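Top to bottom, those sequences are chains A and B. For the first sequence, this note's numbering begins at 1 and goes up steadily by one. For the second sequence, this note's numbering begins at 1 and goes up steadily by one.
For the record, the hints were derived by calculation from the structure and aren't laboratory data. Here the structure is a predicted model, which means the values were calculated and not measured. Heads up, the beta-carbon is just placed ideally off N, CA and C, and yes, glycines get one too. Hints are not guaranteed to be accurate.
Below, a list of computed lysine to aspartate or glutamate pairs in the EDC-like style, where the Cα atoms sit at most 20 Å apart [what the hints assert, rightly or not]: (1) Lys18(B) <-> Glu213(A); (2) Lys16(B) <-> Glu213(A); (3) Lys18(B) <-> Asp2(B).
Covered stretches of chain B (chain A as the covering partner; in silico rule of three or more C-beta atoms under 8 Å from a C-beta of chain A) [said to hold, decoys possible]: (4) 159-173; (5) 213-223.
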Amino acid sequence: MGELKLMKGNEAIAEAAIRAGVDAYFGYPITPQSEVIEYLTYEKPEERTGMVVLQAESELAAINMVYGAASTGKKVLTSSSSPGISLYQEGISYIAGAELPCVIANVVRGGPGLGTIQPSQADYFQSVKGGGHGDYRLLTLAPSSVQEMADFVELGFEIAFKYRNPVMILTDGMIGQMMEKVELKDPVPRWTDEQIQEISGSWATVGKPANRERNIVTSLYLDSAIMEQHNHHLQAKYRQMEAEEVRYETFDTEDAEYLMVAYGSSARIAQKSLTLARAKGIKVGLLRPITLYPFPAKPLLDLVPQLKGILSVEMSAGQMIEDVRLSVECKVPVVHFGRFGGIIHSPEEVLEALEQKIIGG
Amino acid sequence: MDIKDIIKEENLVYSKTKLMTDNVLSYCPGCGHGTAHRIVMEIIDEMGLQSNTIGIAPVGCSVLAYDFMNIDMIQAAHGRAPAVATGVKRTWPDKTVFTYQGDGDLAAIGTAETIHACNRGENITIIFINNGIYGMTGGQMAPTTLEGMKTSTSPHGRDLKKMGNPLKITELIAQLPGTYYVSRQAVHTPAAVRKAKKAIRKAFEIQQENKGLTFVEVVSNCNSGWKLPPVKSNQWMVENMFPFYQLGDIKVDGELVK
Ligand SMILES: Cc1ncc(C[n+]2csc(CCOP(=O)(O)OP(=O)(O)O)c2C)c(N)n1
Ligand code: SF4
């Protein structure tokens with residue numbers, strides 16, 4: 001068993017990164033995720049593993065430092081929160097276009113605008129549907145515990161390098177700030193220059209030796225015929241992700257007549273609502289998407305024959321609900337419930353919505 | 001004597017460095033970008049740094065620098081090259097890393113990245129091509145556009161009251177303790193090319209010693225944007241750009257030149 005610790009979600013991301021052999025972190029402070037860079041600068045990972053940590057002058061600089069280091073085959077992490085992630089979008093689009101691996105954590109706060117520092121899930125569209133310009137997708141992981149905050153750093157890098165695609169850990173101020181027991185994996189060393197050569201030598205810009213063509217990292221294809229080809233290549237990659245990377249979890253779905261769909265913090269709350277509902281004899285289940293892109297569309301559709309209604313629960317005005325509706329192909333009613341703008345719904349509020357909007361309605 | 005008798009190895013006085021590819025340059029004939037590319041690549045070649053160098057291309061006319069420079073290169077978003085270079089250099093401190101940027105890229109949209117990379121003293125080299133205009137997008141006003149100069153967005157000439165003053169960003173970054181060598185050069189005559197090459201070589205040599213950021217501005221022409229034939233554009237540059245952007249070293253060995 002790994003080391004057990006009581007940690008904040010933000011700290012768990014930072015510690016897991018050091019242990020996962022991450023090479024660099026670039027970021028800019030913003031509540032509610034500043035603990036990530038605070039923990040990293042305090043821990044001196046440059047002494048523990050040689051990991052580089054640098055506070056950039058802005059999110060624009062931070063994401064472009066990520067772009068630079070990721071261009072060389074290094075494992076690079078960054079984190080921010082909603083307004084900062086908005087500034088990342090140009091860089092994320094370039095990273096996706098140039099097919100670079102990296103992991104980006106968004107500890108979401110309420111918006112729009114400067115919004116509030118309280119938790120929210122209103123950045124779903126931004127990470128799952130694009131955010132930046134162009135046709136691209138982010139592999140999006142939604143942790144619902146401090147344990148998963150730690151685990152998804154390693155998983156994130158695994159799939160980021162598998163697809164040479166940015167991975168978004170989409171979490172929120174509640175999971176970032178709350179403390180839970182977390183089991184930390186034993187540290188693995190950072191990749192050596194030789195390993196980087198082996199893993200990413202065919203594309204990474206680490207200096208051109210005489211025996212290979214130069215490597216170029218770019219997202220520019222002035223000839224639109226080639227640009228379309230590049231887009232086809234990206235789309236093929238996204239189809240492969242949809243086939244191979246869907247992750248989700250179900251609770252009490254075997255006999256369920258009603259279903260709640262919720263991710264991250266909302267899934268934790270819905271688990272409690274589930275217990276309350278079952279105690280009242282309501283046959284309800286819960287499906288928790290772990291990957292938001294690719295979305296678990298097929299598992300949801302498979303449940304449809306037994307369902308009378310679905311409650312999509314999220315701390316937003318209703319964003320994921322669009323994917324839930326698309327998944328079930330209008331075969332069963334889907335209704336949204338959620339508090340937003342920094343308010344966290346209670347398990348009782350969710351139960352009430354289930355009873356009034358789905359069962360009663 | 002036949003011409004073939006003259007084309008012999010021992011008579012060779014000049015050959016293109018193998019660090020420039022055979023791709024046809026996309027620059028307008030007469031533009032300084034091509035010469036600036038060549039001398040940077042000659043230096044990397046002469047210093048034996050090809051296998052150790054990573055270049056960062058900007059957004060601007062030199063966006064396709066990676067088509068011409070035969071080294072590993074990264075194309076950066078508009079203005080962000082110094083941040084991209086920081087990401088590379090911090091994770092590969094033994095590599096030689098440089099950015100090649102125009103004035104819009106470096107001194108307008110990328111001002112913050114420029115100043116902060118300089119201020120942190122990143123051990124990188126910045127090659128800054130100042131042609132006083134946005135070449136790539138068709139000749140709009142740049143932060144470096146001279147007073148009264150006509151561009152497509154200052155069609156009646158740059159009015160300082162409305163449009164601000166031309167920015168001497170090179171003098172500005174020279175003030176920062178993180179910069180170790182700062183120089184302003186040109187590439188419009190063979191003598192200027194020799195001087196510019198010396199300065200750029202010095203910049204790359206200092207980078208090998210990790211002494212701080214080195215920065216070489218090349219005041220250059222944009223004959224298309226300035227709407228002048230190449231030779232006239234160089235004359236115009238000598239008469240108008242050089243008095244404002246004076247050539248020479250600005251900071252040497254970490255000390256401002258008096
Ligand atoms: C974010 C963004 N804004 C604007 C542009 C459009 N754009 C491309 S090049 C350029 C100006 C380049 O001028 P400069 O840096 O002086 O280089 P030059 O072309 O003169 O060499 C602009 C505004 C862009 N590509 N990206
Ligand atoms: S537009 Fe100006 S800067 Fe661009 S290639 Fe032509 S002359 Fe050079």
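**Message:** Tell me the numbers of any earlier hints that the structure contravenes, in ascending order.
**Reply:** Of the numbered hints, 3, 4, 5 do not hold.
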